[in-house]
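Participant: Here is what each chain is made of, one letter per residue.
Number of protein chains: 2
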Amino acid sequence: MKVLLVFAHPDPRSLNAALRDVALKDLEAQGHEVRMSDLYADGWKSEVDRADFPLLAPDARLIPVAASKEAFHAKALTEDVSAEIEKLLWADVLILQFPLWWFTMPAILKGWVDRVFAYGFAYGVGEHSDKRWGDRYGEGTLAGKRAMLIVTAGGWEEHYSARGVNGPIEDLLFPINHGILYYPGYDVLPPFVAYRVDRLDKAGFDVLAERLRERMRTLATTPPIPYRQQNGGDYLIPIMQLRPGLTDAAATGFALHLDDSREALRQAGE
Amino acid sequence: MKVLLVFAHPDPRSLNAALRDVALKDLEAQGHEVRMSDLYADGWKSEVDRADFPLLAPDARLIPVAASKEAFHAKALTEDVSAEIEKLLWADVLILQFPLWWFTMPAILKGWVDRVFAYGFAYGVGEHSDKRWGDRYGEGTLAGKRAMLIVTAGGWEEHYSARGVNGPIEDLLFPINHGILYYPGYDVLPPFVAYRVDRLDKAGFDVLAERLRERMRTLATTPPIPYRQQNGGDYLIPIMQLRPGLTDAAATGFALHLDDSREALRQAGE
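Residue numbers (the UniProt record's numbering), protein chains in the order written: chain A, 1 to 270; chain B, 1 to 270.
To be clear, the hints were calculated from the coordinates, so they are not data collected in a lab. It cannot be assumed that every hint is accurate.
What the hints assert, rightly or not - Chain A side only, calculated, beta carbon under 8 Å to chain B, not exhaustive: (1) P10; (2) V65; (3) Y137; (4) V165; (5) G167.
What the hints assert, rightly or not - Per the computed footprint, the stretches of chain B lying under chain A, defined by three or more beta-carbons under 8 Å from a beta-carbon of chain A, are: (6) 110-124; (7) 172-180.
Please read these numbers as outputs of a predicted model, since none were measured by experiment. Ideal Cβ positions, reconstructed from N, Cα and C, are used throughout, including at glycine.
Okay, chain A solo, but in the shape it has when bound (with noise of 0.2 Å):
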């Protein structure tokens, strides 16, 4: 397979890039093509602005949905956003790897996610009609390809867990496995989450390294997280509301977007 490995961290000897090490060598080792995309390290531009959008006329107002779709389709999109793109439609897996800040991402990598996810290429694709709501979740440019994070966190674990004051991890994370990576069509695998990073002596990076070879191992056959598709009949169009009945009456919250009978065949496959 082609993997890209997405990562944002600032420096070259940290945990993270030890991790990224780990990856990327097992990845290599099994005969994968790998490609890396080091934001920091390749002086990523974060912020979308003016200078994105080389055919806007200097006096024009920059509304960025159409400056992208206009830039998109015009093929005038800036180089480094480009060359993500290419590297994007090459990959059959991405992996976005990067430490947990204030409970999402580092600012350089949503200015990645902000900037290369462009309008006709990971949003406004498809038809909107009374059967679809364009494609988009579960459908998409890169629907077909697999995704998954790679996340360090100095926190403990039971601070992430189902009534840990943090929140749930996977909710923490459902923005961006669901509204990132799930929109424009990838099948999203399970995160990969280390804790206590801040803590961490050898004996416990041996651990942790062995358990993100056994992730890169299996890329190609962990079942990805059953998130229900939005044109498959589950979501009412065009409010885009889960049906009545799909799920009981008093159920809230991301879990709601979770296919019961896909999650319980994943559960048993495990």
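Go by the hints and put chain B onto chain A.
Facilitator: Frame of chain A; chain B shown alone:
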């Protein structure tokens, strides 16, 4: 009151800028003191990197938590960051205003959080013992102040409702409201959210503006989101999980962290 509005849209002629001006004008008319951080106009730097820590030796590893702690205690943060911290200490109310991009804030605003919310200021505050787990989630440097979000979204309100395909807006914003604002002590007001803003006409704008003015007039009196205080007895220390029995055993998700009794009071007061 003193109000700080942090603004994150690249165009001064945008809908966001128009709404911002409605808010600022109304606040001033009420006699409040108002300041604004216009991140794009100010050329805000989004990335946490070595340039943020002048004390860090050139050959030293950059460990962001450790570097932030050292710089904050030595009063050696960069000028742009120190100026924002001064503004936060000055303001009674913080407003973050941004367009929802990929279900969260734009990179430039995340970079404001990543860089300004220093160790010793916004986290890493207070004692850790068997009675307390730091001053956070309802306690901390910014306790006694209020915060709220002003957010614009292209999508439909239905798509962000309890059963909407994007996930409920209150859950999408939980990592910001609870994880970024409540964490260092703010009382967090319900967000102001404007939907379908890509097709807004003059009449639609006027309705929105009046709704926003109403929120500006009730900044001091709107009941905050009733998040549970971490050290108030609801969480077990140090695992920081909600005590058994406080909520329905089957309950899940972010809503667990609302105090139902206070939530009922809040709704009764609406």
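Participant: Of all the hints given earlier, name the ones this structure violates by number, lowest first.
Facilitator: none
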